[in-house]
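Visitor: Here are the chains, one letter per residue:
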Amino acid sequence: MRGSGPSPGRRVKRATAAVVATTALALSACGSDEEGEAAQREPTVELPDLSGESLEVGAVWTGAERDNFVRVTEEFERRTGASVTVVPSGDNVSQFVGTKIEGGAPPDVVMVPQPGVLREFADNGWIAPLGETTRAQLDANYTEGWQQLAAGGDGDLYGVYVKAANKSLVWYSSTAFDYAGVSAPDTWDAFVDTAWTVWESGTTPVSVAGGDGWTLTDWFENIYLSQAGPEMYDRLAAHEIPWTDESVTEALTTLGELFGEGRLLLGGQSGSLQTDFPTSVTNTFSNLTTPDAGMVFEADFVGSVITDNTDAEVGVDARVFPFPAVGAGDPPVVSAGDAAVAVAPDGEMSEAQEAFLTYLASTDAAAIWAEPGGFVSPNKSLEFDVYPNDVQRGIAEALIAAGDDFRFDMSDQTPAAFGGTTGQGMWQGLQNFLRDPDDIERAQEYLESQAADAYGH
Amino acid sequence: MTAPTMTAHVPDPADAPASAPAGPQRRPWGERLASLASGSVVRVILVVVGVLWLLPTAGLLVSSFRDPRDIASTGWWEALTDPGQWSFSNYDSLLGNEKFTGSVWTTVAITLPATALVVVVGALAAYAFAWMDFPGRDWVFLVVVGLLVVPIQVALIPVARLFNTLGIFETTAGVVLFHSAFGLPFAIFLLRNFFAEIPRELLEAARLDGAGELRLFFRVVLPLGGPAIAALAIFQFMWVWNDMLVALIFADAGSPPMTVALQQEMRQFGSNFDVLAPGAFLTMLIPLAIFFAFQRQFVSGVMAGAVK
Amino acid sequence: MASGKAVIRARPWVAASFLLPALLLLGALVVYPIGYSIQRSLFDASGDSFVGLDNFKEIFTNDGIRTALKNNLIWIVVAPTVATALGLIFAVLTERVRWATVFKLVVFMPMAISMLAAGIIFRMVYEQNPDRGLANALATTVHDTFAESSGWPDAEPRPGGPLTVEEDGSYLLTEPVTAGTPALLPLVAVPQPQLSDAEPAVAPSGDPGEVSGTVWMDFTRGGAGAENTIDPEELALSGIKVEAVVDGRVVADTKTGDDGTFTLPAEADGAQLRLTSDNFTSPYNGIEWLGPNVVTPAIIASYVWMWAGFAMVLIAAGLASVPRETLEAARVDGAGEWQVFRRITVPLLAPVLGVVFVTLMINVLKIFDLVYVIAPSSSQADANVLALQLYLSSFGTGADQGVGSAIAVFLLLLVVPVMIVNLRRLRRENQR
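Chains as they are written, first to last, in full-length UniProt numbering: chain A, 1 to 457; chain B, 1 to 308; chain C, 1 to 432.
Simulated from the structure, these hints should not be mistaken for laboratory data. Please note that a few of the clues may not be correct.
[Said to hold, decoys possible] Taking beta-carbon pairs under 7 Å as the criterion, some of the chain C residues facing chain B (in silico):
1. 15
2. 27
3. 29
4. 30
5. 33
6. 81
7. 202
8. 204
9. 207
10. 292
11. 399
12. 408
13. 412
14. 413
15. 426
16. 428
[Said to hold, decoys possible] Each computed SDA-like pair below joins lysine to any residue, with the alpha-carbon atoms no more than 20 Å apart:
17. B/99 to A/197
18. B/99 to A/68
19. B/99 to A/77
Where a beta carbon is used, it is the ideal one built from N, C-alpha and C, also for glycine.
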C-alpha cells in the first residue's frame with residue numbers, strides 16, 4: 001500500500017496551522033436564527049455564509065440511509081444558506097465519478113468507501129487535499145489512525161471519514177442458539193464447535209453470502225488479522241508479502257474448517273455462492289421459530305437489514321458476538337467506513353466544499369446523523385448518548401475504545417481492481433476458494449497473480 | 001436492419017397480425033399441420049406457452065403488492081391464496097418519494113422532446129431525400145442508411161467529451177440530442193420511403209397553387225405521412241422511455257429518469273424488491289398502455305426496423 | 001421506389017435547410033464519434049502515446065475481455081436462432097386458432113418493456129431458493145413429481161458416533177447386533193419442522209428371540225441430553241428402512257415404527273444394521289440459474305422471452321403472403337405436411353427468416369442492460385459481454401479508454417457486413 005504510514009512531523013506542522021485558522025474564522029457566518037429541532041445542541045464549528053452556493057454530493061446510500069444523511073445536509077443548508085443535493089452514486093463510485101469527470105460535471109463531494117479508491121482519486125488528481133479548517137476539526141475529533149486512512153499517495157489528507165462500520169461481528173439467532181444449548185463462543189475453535197453443535201440440533205449453522213465477494217474478504221481479513229497479527233496484515237495489504245505466503249495458507253486452512261464443510265453452510269458451498277448479503281441475513285432472521293440458519297457474519301449494518309426485512313428484534317431475537325480470536329491472537333477488529341472527498345479536477349477546493357467537509361468532520365454533523373440509528377461515527381468527541389439504542393451504542397463504544405488498535409478492511413485498502421471489483425482479485429479469488437475449499441494452493445496462486453497485476457509489482 | 005423488404009408493410013398496418021385473425025377464405029397449410037396433431041393439442045400448447053410467458057410479469061406485479069418481509073421469505077404465488085399479504089404500502093412509499101416522482105417527470109421531459117425532435121428533423125430530411133434533387137443525394141442517403149446499424153456504445157466516450165465541451169453533459173438536453181441523433185437514421189429511412197409513395201400529382205397541384213416548400217411540407221407531406229409518423233413516434237417513444245445506458249451516462253445523476261433511478265436502487269447491500277418491483281412495474285405502465293392502445297402502429301414500427 | 005428521379009430541382013439552400021438539422025446531429029453525434037473511436041483505439045490509456053493495434057491485441061488476450069468475446073459469440077449464435085425458431089413455431093401454430101390474437105399479444109408484450117424492468121423480472125424468476133424463485137419452484141415441482149422424496153433428507157450420523165456413512169449414502173452400524181440387546185442408532189441434524197409430528201423415542205424391551213433397536217434424533221432441546229442415549233425428550237424417526245446385512249447380503253429388513261423402534265427376526269442375529277440411502281436422499285434444489293455455468297444461457301432465455309414475439313410477428317406476416325396455390329399443388333402431388341413445410345414453406349419464408357435473424361444478431365451485439373442487471377456480482381465476470389466490458393473499460397479509475405474505444409471499433413466492424421448488404425439491396429431497389 002502506498003504511503004499508508006503516518007508521517008508525524010508533517011502532522012504537527014499542519015495541526016498548528018489549523019488551530020490558528022480556526023480562531024481566525026469569521027464569526028459573522030452563522031446561519032439563520034430559526035431554531036430547528038436539530039439545532040438544540042451548541043454548535044461546535046463555525047461555518048461561512050454560503051448563500052447562493054450549491055453543492056452536489058454523491059453517495060452510495062439509498063432509502064433510509066440516504067434520508068438520514070439528508071437530515072445532516074439540511075442542517076448544513078440551514079446554517080450556511082447553501083443548497084445541497086444528494087445524488088446516488090451507485091455501488092461503483094469510481095465508475096460514477098470517472099463518468100462524470102469525463103463529461104466535465106462531477107459532483108462536488110463524493111463519499112468513497114475504500115481508501116484504495118480514495119488514493120487512486122488523489123493520484124489521478126480528481127480530488128483536492130483538505131483545507132485547514134477541515135484539518136482542525138479532524139485533529140479535534142479523530143484519532144491519527146482514522147485521519148491517515150484518507151491520506152493520498154503523496155501523504156496529504158484528502159478525505160474525512162464520516163461513517164464507520166465494525167466488520168468483526170457475528171450475528172446469531174437466539175432461537176437457534178437456545179435450542180442447540182450453546183452460547184456465544186470467544187475463540188475460533190469454540191466457534192467451530194458451536195457450529196457443529198448447532199448443526200446437530202438440526203439448524204444449519206451459518207449462512208455465508210458468497211454471492212457477494214466482499215463478505216468473503218471480510219471473513220478472511222478477520223481470521224488473518226487475528227492469526228497473523230496486525231503487522232503481517234499491513235504488509236499483506238501493501239502487498240509487501242505475496243499471497244502465496246505461509247500465513248495466508250494458514251488463514252485459508254482455518255477458514256476451510258468452516259468453508260470446507262458443506263453441512264455447516266446453508267445451501268452448501270454452491271448455495272452460498274448464490275446467496276447475496278441481504279439474503280444471508282434474512283435466511284437467519286426471517287423465520288423466528290425455526291430459522292434456516294443459526295449465524296450470519298458481517299458488520300453492524302446487518303442490524304438495519306434485520307429491521308427492514310424481518311420481524312426479528314435486534315438485541316432479543318437477533319444477537320451479536322465479536323468475531324472470535326483465532327489461535328493465540330487477539331480478537332480482530334476490522335473496520336470500514338466512508339470518506340467524504342471534494343472532487344476538484346483543477347486541484348483547488350472551493351469555499352463551499354471546504355465548509356461542507358469541515359462540517360462533516362464536526363461533532364455537530366455526527367450527532368444529527370447518529371440520532372436515527374443505523375450509523376456509527378468514528379468521531380471520538382461524539383457523546384455516546386446520542387445513539388438511539390444499546391446495540392448501536394455498544395458498537396460505537398467498542399469502536400472508539402479500540403482507538404487506533406483496529407485495522408481497516410484490507411480489500412478496501414488495495415487497488416480497486418484487486419479488492420473491490422466484481423469478478424476479479426480478492427472477491428473472485430475467495431469465491432473460487434469457497435467453490436473449491438480443498439485447493440488452497442490454487443486459490444493462493446490466483447490471488448497472487450491478481451495482486452501482482454493490480455499493484456503492478 | 002429490417003431492410004426494404006419489410007417497409008412495404010408500414011403504410012398498411014392492416015397486415016399487423018395482432019389485428020388479423022385468419023379469415024375463413026385463408027385456409028393456410030398451418031391448419032393442416034396442426035390438424036395432424038389435432039387442434040386441441042395446439043390449443044393446449046398455446047395456452048401453456050401463453051401462461052408461461054405471462055408468469056414472469058405476473059410475478060413482478062404480485063410481488064409489488066407484497067411486504068418486503070413476505071418477499072424475503074416466500075414466493076409471490078403464496079400471495080394468491082393469502083389475500084392478507086396484499087397491500088399498497090410499497091406504492092404508497094414509492095409515490096410519496098419525491099425522488100421517484102421527480103424521475104417520472106425527467107423521463108417525460110426526455111422522452112417527449114426526443115420523440116418530437118426525431119419526427120420533425122427526420123421528416124424534413126426524409127422529404128428532401130424523397131422529393132428534392134441536389135448533388136450527391138443518393139450517396140448521402142446511403143450513408144444515413146448505413147448509420148442505422150451503428151451501435152450506440154461507439155459514441156459513449158466521444159460524445160461525453162463533446163458534451164463536456166458544449167456544457168450539456170448531465171443535462172436533459174444532452175440526453176435528448178443523443179437519442180435524437182441515434183433515432184434519425186431509422187426515421188429518415190422509414191419516412192423517406194413512405195413520402196416517396198405520395199402521388200406526384202398532389203405535390204404538383206399544391207405547387208401550382210403557389211405553395212412554398214415549407215408550406216407544402218407542413219400542409220401536404222406531414223398529414224399524408226400520418227401512419228408512418230405514428231409508427232415512428234411510438235417506436236422512438238418506447239425506445240427512449242426504456243433506455244438506461246444513455247441516461248446512465250448522460251443524464252443528471254441528481255434527477256435521473258426512472259430507469260436510472262431504479263438502477264441506483266440496486267445495491268450490493270440490499271436487493272430491495274419492495275422498491276424495485278413496484279418501480280419496475282410503474283416504468284412499464286406507459287409503454288404497456290401505448291402498446292395496447294396502438295398495437296397496429298407499434299407492430300408496424302417494429303416491423304419496419306427494430307434495428308437499434 | 002419512386003424516387004429515382006426527383007420531382008423538383010430544389011434551390012441548394014432550400015435542400016440544405018431541410019437537411020441541415022439532421023446532418024448536423026448525425027455528423028456530430030454519430031459520424032464524428034466513429035472517427036474519434038477509431039483514432040482513440042490506436043492510443044494508450046492516457047491517450048498520449050500511439051500504440052498501434054495493441055489495444056485490439058488486448059481484446060483477444062485479456063482473460064476478462066476474452067470471456068466477454070466468447071459469450072458474445074454464444075449470444076450471437078444462440079439467441080437469434082432460438083428466438084427465430086420459437087417465432088416460427090408460434091407463427092405456424094397461431095395461424096388458424098381463432099383467439100390467437102390474445103396469444104400473440106401476450107408473447108409480443110415484453111417488447112414494450114425496458115431491458116431494466118425485464119432484468120428485474122428475471123432476477124426474481126431466477127432466484128435460487130425454490131421457495132422464492134419461480135424457475136426453481138417449477139423445476140423442483142416437476143422433479144418431485146417423478147422422483148420420490150425421502151423422509152429424512154437431513155438426518156445424519158453424529159461425527160464420531162456408532163454409525164458411519166457408507167459410499168452409497170447408507171448409514172452402517174459397524175458393531176454387529178445381537179438378539180436380545182436393543183441396538184441404538186442415533187442420528188442428528190434433523191431440522192425441527194420435520195419433527196413436528198414425531199413421537200418420543202422409545203427403547204425396545206429386548207426380546208431375546210429377536211433383534212430390535214431404535215432410530216431417533218439424538219438431540220435434546222438445549223443440548224442437555226447425553227450422546228448416544230435416548231433421553232426423555234428425544235424424538236423418534238419413523239418410517240426408516242432398516243436392513244440386516246451379513247457379508248454384504250441382506251438377510252432381513254423392516255421399517256421403524258412411530259416410536260422409532262424396529263424388530264427383525266432372529267436371522268438378523270450377528271448381522272450389521274444398515275439404514276438405506278433412500279431414507280436420506282437430499283431433496284432436489286433446482287438449478288443454479290445465475291451460477292457461473294448457466295448464467296449466460298439463463299440471461300439469453302430472458303432475451304428470448306422479450307424478442308420471440310418480434311420474430312413471431314414478422315414471420316406471421318410473411319406466412320400470410322405465402323401463396324396457397326403452391327402449397328395445394330404440392331399436396332396434390334402427395335407431399336406430406338412436414339415435406340410441404342420443409343421443402344416449400346421454409347424456403348418461401350427464407351427472406352423473412354433472414355431479416356429476422358440478422359436484425360436479432362445486430363440487436364444482440366449491443367446487449368448490455370440485461371447482463372448488467374441480471375447477473376449477480378459473483379458471476380458477472382462469467383456473464384460478461386463486449387458492450388458491458390466497453391462500459392466498464394471506458395469510465396472509472398481503472399479505465400482504459402484506448403481499450404474501450406477498441407472494443408467499440410470491434411463492435412462496429414462486426415456490423416459492417418450487414419451494413420454493406422443493406423446498402424447493396426437498397427441501391428438495387430433504387431435502380432429499379
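Visitor: If a hint holds in the structure, say so; if it does not, say that too.
Guide: Tested hints:
| no. | hint | result |
| --- | --- | --- |
| 1 | 15 | holds (4 Å) |
| 2 | 27 | violated (9 Å) |
| 3 | 29 | holds (4 Å) |
| 4 | 30 | holds (5 Å) |
| 5 | 33 | holds (4 Å) |
| 6 | 81 | violated (17 Å) |
| 7 | 202 | violated (36 Å) |
| 8 | 204 | violated (41 Å) |
| 9 | 207 | violated (48 Å) |
| 10 | 292 | violated (18 Å) |
| 11 | 399 | violated (9 Å) |
| 12 | 408 | holds (4 Å) |
| 13 | 412 | holds (6 Å) |
| 14 | 413 | violated (11 Å) |
| 15 | 426 | holds (6 Å) |
| 16 | 428 | violated (9 Å) |
| 17 | B/99 to A/197 | violated (48 Å) |
| 18 | B/99 to A/68 | holds (15 Å) |
| 19 | B/99 to A/77 | holds (19 Å) |
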